[in-house]
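Chains as they are written, first to last, in our numbering: chain A, 1 to 342; chain B, 1001 to 1529.
Careful, some of the hints might be misleading.
[As the list claims (entries may be wrong)] Subject to a maximum C-alpha distance of 25 Å in a straight line, what follows is the list of computed DSS-like cross-link-like pairs (lysine-lysine):
#: 1; chain 1: A; residue 1: LYS301; chain 2: B; residue 2: LYS1210
#: 2; chain 1: B; residue 1: LYS1214; chain 2: B; residue 2: LYS1507
#: 3; chain 1: B; residue 1: LYS1202; chain 2: B; residue 2: LYS1214
#: 4; chain 1: B; residue 1: LYS1214; chain 2: B; residue 2: LYS1230
#: 5; chain 1: A; residue 1: LYS101; chain 2: B; residue 2: LYS1393
#: 6; chain 1: B; residue 1: LYS1230; chain 2: B; residue 2: LYS1202
#: 7; chain 1: A; residue 1: LYS101; chain 2: B; residue 2: LYS1094
#: 8; chain 1: B; residue 1: LYS1507; chain 2: B; residue 2: LYS1094
#: 9; chain 1: A; residue 1: LYS268; chain 2: A; residue 2: LYS301
The set of hints was computed from the structure by calculation and includes no laboratory data.
What follows is the residue order along each chain.
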Amino acid sequence: MDGEKEKVPAQVRTVNPLVPVPRGPIPTVPPESTRRTVRVTIDGREISVPEGTTLLEATRKAGKDTPTLCYLESLTPVNVCRICVVELEGSRALVPACSRKAEDGMVIRTDSERVRLSRRLILEFLASSVDVSTSPQIRSYLERYDAQPQRFGVPQSASEGRDAAHAGVHVVTDGSRAAAVAQPTKVDNELYVRDYGKCILCYKCVEACGVDAQNTFAIAVAGRGFDARISTEFAVPLPDSACVYCGNCIGVCPTGALMFVSEHNMRKAGTWDESRQSSTDTICPYCGVGCTLTLRVQDEKIVRVESPIENGVTHGNLCVKGRFGWQFVQIQDKNHNGSDAG
Amino acid sequence: MEDTDLIILWGSNARETHPIFFHHLLKGVRKGAKLFVVDPRRTSSARWADVWLGLDVGSDIALANAVGREIIDAGLQNRTFIERATTGFDEYRKAVEPYTLQHAEKITGVPAEVIRNLAHSYARAGRAQLCWTLGITEHHNAVDNVLALINLALLTGHVGRYGSGLNPLRGQNNVQGGGDMGAIPDRLPGFQHVENDTLRAKFEQAWGVKIPAKRGWHLSAMFDAMEEGKLRGLYVIGENPLHSEADQGRCERLLKGLEFLLVQDILFSATAQLAHVVLPAAAGWCESEGTVTSSERRVQRVRKAMDPPEGAWDDMAILCNLARRLGHDWGCPSAKEVWNEVRRLSPMNAGMSYERLESLGGIQWPCYDETHPGELFLHGRLWQDPIVGPPAKFSAVEFEPPVDRLDKDFPLRLTTGRRLESFNTGVQTSRYRSPLRQPEMLDLSPEDGERYGVAEGERVLVSSRRGSAVAPVRFDESLRPGLAFLSVHFPDEVATNVLTIDATDPKSGTAEFKATAIRVEKICSPAGA
């Protein structure tokens, strides 16, 4: 029992639906405890940033365009591509800017010869072993760092056996051709293709499928070293895996290894033409969450759907309906008799 | 949702029906929030729960009242909040008195200890979110179900604070916006009551017409009015009632009995096939301009990405042309011009200029002027000292079982819902190919499968007191014996709504889609195989 007598508030006793409820205070988010700031020197210029800031954020704040491949604002850094490395005074090795936190008094060089050499080598190894033709980002980095991947020779041709590779059983090439991850494209469902000959193992798809967004865990990295590859459990086709076709892996893929079937087919047919495409932001037609869809349209047809990574509702993620469920606006059959739907 | 300590998902399978909302929920869970899922089925959402409460369909009020009683009994209610910001607590306390844990266990099937756990965890949490969907509202006592949940929030003060609140998850991209704009029987845009003379006069002056001073009909009342011959013509925009309404047989008879049926849709839906006139429309979300309001009251812009097919018009152009031919020249305003009229008449939208909607990426109402940032949550007024406006009211509500009773002829409880890759009657989703999609099947517990001697994939006759449908069987371990599940996505494969009951909630007009009494029979003739 409450034990206390209910007091009668001074206001009206009951809610009258005819009368609008008066305005209350504007709600606010409780402030985070104020963070201390630390000072770091980047390419000779000292800046201050809040404690906990990564070196990547600090270099960007200092106006430096630090390249990244495996890093994405919405994902936990996994430190695998090493393209973002910077020189930290007093540190033997170069440090990954995407995950190293700024500390007071750090002296950073983002564009020293050592940094440039390291980035160039990484890009050469990647571009000599992986098909980067559908990654404008890597191609621009190749140019920026004057990378020469062709010096390792012509890449090996596609091999069927990568999914069965075992640790320790690795055939070394004779050196005349560049070792490559080339393999046939996996087309095993109606919605998206996996072309792992274009995969740089940045782990973004694994992260997006896992704890960082979707929590479905349909894919992981299998194998070690040069045999490492993204795989479903026991390399089963996607329809036999845990995949729910949210396509959030496509949304984060930086190389085009994961691609809408619509885009894949158009590229194959030579009809994919980005100069004829427009991008329009709108809201998904399905549930009430209100996800922003960026519709890529070519010749009055939707060819790809994404969501902006900085959007507070989606963080770039969608579900299967939002990403793939748009065919109903492209049916051109005027005599459609509705037999398959209501 | 991400900064809370406890989340209750009540009558919602958000993992499949609101997948991106569930991402936010999981972030909260990963940061340490406890998740309780209340659902007759052990859904894919329930699999993420710390505790799953598998109650019997339609016993929600018994469960909620028992949670309330236990909180009071243990002295865990928020006395200060109750005293300062609410009324009706004493009546509520009396009403929940009979709902002991043991009594509730008998009604709901949830063990007393588990109900006690929920009550204590919810009351003790620093911040707690209570979310629900159609598992609460598609019942004959929908409003009472919601009130029973609101009582719990008032009891604990889990409302109107950052990280604490009540969250009904809206099922469609603009069902909230429809309500905002007055597409409900008793409201004008901005939830201004049509029976309030001052508010109505404001609209009459702006529009230069008289507005009926009494509220109109909601959807279910319209069907009743058709039955009584009071409603003889119907204008349906973007809806497929033939397949989406409960008791499809009755719905079809009433639609066919209309003197005039006009359907405006982007596709030739089943309802359109019954219409006297069909007006082909542009798709609102990608072939025209405007706004929609999401579940969190966020008004966002929809934009035209491509032209509609030849002959299909923007909804607004159709309406304006129709108005002109009926003698009212509304001109041909742009979406922005119409929106600016909304801003003039609806105070809660006043500060939402197209420019601000663009630059802020959407604004949560209310937004009274162009300096107002929109509001992250509602009801903060209840925490002001003294509170602003009237106190919130406890509502004593009683448990009442579903209308469609189980008996020896109809011993199984059928409930309905959505599946991940599909949506409602499939008008939209049946047109994309998904590897996830399977033929529609009647989900049964493996135990019931054995009891009725049916095998997986076998086609059976499913009958309710209203009709019968044939469906293949699938065994689903998320179902307890006595519970069956069907979606409404494939009305041409399995006409689920032939079975459902149109017993409706008198206050909201929502039909009891979630609780149908059925029986399952083997089909003996080989033709059925």
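Hint-by-hint comparison with the structure:
At most 25 Å may separate the alpha-carbon atoms for a hinted pair to count; A:LYS301 and B:LYS1210 exceed this at roughly 44 Å. This hinted pair checks out: B:LYS1214 and B:LYS1507 have alpha carbons roughly 16 Å apart, not beyond 25 Å. Pair hint B:LYS1202 plus B:LYS1214 holds up; C-alpha atoms about 16 Å apart against a cutoff of 25 Å. At roughly 16 Å between alpha-carbon atoms, B:LYS1214 and B:LYS1230 fall within 25 Å of each other, so this suggested pair holds.
Taking the CA atoms of A:LYS101 and B:LYS1393, the gap is near 51 Å; set against the 25 Å cutoff, the hint is violated. A threshold of 25 Å between alpha carbons decides the hint, and for B:LYS1230 with B:LYS1202 the separation of about 30 Å lies outside it, so the pair is violated. Restraint check for A:LYS101 and B:LYS1094: the C-alpha separation of about 58 Å exceeds 25 Å, so the hint is violated. As the CA atoms of B:LYS1507 and B:LYS1094 are separated by approximately 24 Å, the hinted pair is consistent with the 25 Å bound.
Of the supplied pair hints, the one linking A:LYS268 and A:LYS301 holds, its CA atoms being roughly 17 Å apart against a limit of 25 Å.
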